[in-house]
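Number of protein chains: 2
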Amino acid sequence: MNHTKNSSVLLDKAVEEFSQLPGIGKQTALRLALHLLKKGESTMTRFGQTFIEMGTNIQKCKICQNISDTEVCSICSDSERDIKTICIVENIRDVLSIENTNQFSGRYHVLGGTISPMDGIGPSDLEIDTLISRVQNEPIQEIILALSTTMEGDTTNFFLFKKLNQYDIKISVLARGVSVGDELYYTDTVTLGKSIANRATFDPSF
Amino acid sequence: MNHTKNSSVLLDKAVEEFSQLPGIGKQTALRLALHLLKKGESTMTRFGQTFIEMGTNIQKCKICQNISDTEVCSICSDSERDIKTICIVENIRDVLSIENTNQFSGRYHVLGGTISPMDGIGPSDLEIDTLISRVQNEPIQEIILALSTTMEGDTTNFFLFKKLNQYDIKISVLARGVSVGDELYYTDTVTLGKSIANRATFDPSF
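Protein chains in written order, with my numbering: chain U, 174 to 379; chain W, 174 to 379.
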């Protein structure tokens, strides 16, 4: 079915808004809009209000550049967290991913991407100056590079290493190795090679 | 990845709203919310405003019960359309589907569903009284039953036929037959039987 105009411009506009989201076509957009319509006015108002509030009130944490409802995000303002370790990630989704592991208790720094000349993203487009200023002003002892294991990620890692190397800070990077649950046969040669070179002492408790 | 709390309650609320829509899980909801977040404040405000306006201003057309921005919908208020023919459909999506065919120039009546005792939907839950009142007050000559070809649709067709039969109105139903593009081999027996019984004169122009 081709999508033509509805009898309601208001519905058309709602369909239009939904269909501008990634992965949502006209038909799905219509289904979503009709779902909301069926739920009634209070649901639609609450739905709309949520996004207006998000647009108006959300901001970047002035310390780690993660999104936040307040000037300083909940992670940076948590006094229980280790302020001596910073984990550098590309974006706010990566913060979530690492938080979900429950293996990191330090703070983050959200770069906002990786250096990618192909996409026109240079070091000045990333939150590198704010990182350097943190290194100069906070009692940081270790920086963990947790960027993607792509060419862009590696380039950015190298750039950051050159910038940070002059400070007396340990610079580490996420371990590369065989994924948990993977069969060796399907692991690529580079990963398998790194996992042999960086082999660790067997720990039966882990 | 399991979804834990974000560093922003505002983002969490947006994710929550998206994930209550049909077919959208937590991960997709997060992706959609982050997409909006990236687009900036004005996009988020416009997005939210659209749904608030829809909730506040959308109404049912007082003639055909289709959704409308005004008291009478654009189809019912279109003086070019044939007011002597009414097409009865289940819901507003069906209005769209029939409009897309460009084969119908009359007006509609949106029932709001079909009689379905299993789901607790009886005749009084549908827009049948409003239909009868239209039949009594409008110069209607033909009513086309365009409900689903399910047991519930057939039950509703029969119920409507009994109700409408006392008026001097032609009552017709959508043709049942082989779908355009279908191979005979895959057409079910009942449909094929109907298509033979209701065979039409061959029209080379159609």
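Honestly, the hints are just simulated from the structure, not real lab data.
Take the hints with a grain of salt, since some may be wrong.
It does not matter which identical chain is meant; a pair holds if it fits inside one copy or across any two.
[Said to hold, decoys possible] Below are the DSSO-like pairs computed for lysine-lysine, each with C-alpha atoms no more than 30 angstroms apart in a straight line:
id : residue 1 : residue 2
1  : 199       : 211
2  : 336       : 257
3  : 212       : 186
4  : 199       : 367
5  : 211       : 186
6  : 186       : 335
7  : 199       : 212
8  : 186       : 199
9  : 257       : 367
10 : 343       : 212
11 : 367       : 211
12 : 235       : 335
13 : 367       : 335
14 : 343       : 233
Hint check:
Taking the shortest alpha-carbon separations for residue 199 and residue 211, both the intra-copy value of 18 angstroms and the inter-copy value of 22 angstroms come in at or below 30 angstroms. Taking the shortest alpha-carbon separations for residue 336 and residue 257, only the intra-copy value of 18 angstroms comes in at or below 30 angstroms, while the best inter-copy value is 79 angstroms. Proximity of residue 212 and residue 186 under a CA criterion of 30 angstroms is satisfied in both settings, with 18 angstroms inside one chain copy and 18 angstroms between copies. Proximity of residue 199 to residue 367 under the C-alpha cut-off of 30 angstroms is found in neither arrangement, the shortest distances being 46 angstroms within a copy and 34 angstroms between copies.
In this assembly of identical chains, residue 211 and residue 186 lie within 30 angstroms of each other by CA distance both inside one copy and across copies; the values are 16 angstroms within and 21 angstroms between. Taking the closest pair of Cα atoms, residue 186 and residue 335 never come within 30 angstroms of each other, the shortest separation being 50 angstroms inside a single copy and 40 angstroms across copies. Taking identical chains as interchangeable, the C-alpha atoms of residue 199 and residue 212 lie at most 30 angstroms apart whether they share a chain (20 angstroms) or sit on different chains (20 angstroms). Within a single copy, residue 186 and residue 199 get their C-alpha atoms as close as 11 angstroms, and across copies as close as 25 angstroms, so both meet the 30 angstroms cut-off.
Taking the shortest Cα distances, residue 257 and residue 367 sit within 30 angstroms of each other inside one copy (28 angstroms), while across copies they are farther apart (78 angstroms). Neither within a single protomer nor between protomers do residue 343 and residue 212 lie at most 30 angstroms apart by alpha-carbon distance, with minima of 54 angstroms and 36 angstroms respectively. Proximity of residue 367 to residue 211 under the C-alpha cut-off of 30 angstroms is found in neither arrangement, the shortest distances being 55 angstroms within a copy and 36 angstroms between copies. Within a single copy, residue 235 and residue 335 get their C-alpha atoms as close as 24 angstroms, which meets the 30 angstroms cut-off; across copies the closest is 71 angstroms, which misses it.
When the C-alpha separation of residue 367 and residue 335 is checked against a cutoff of 30 angstroms, the pair qualifies only within one copy, where the shortest distance is 22 angstroms, while the shortest distance between copies is 78 angstroms. Taking the shortest Cα distances, residue 343 and residue 233 sit within 30 angstroms of each other inside one copy (27 angstroms), while across copies they are farther apart (66 angstroms).
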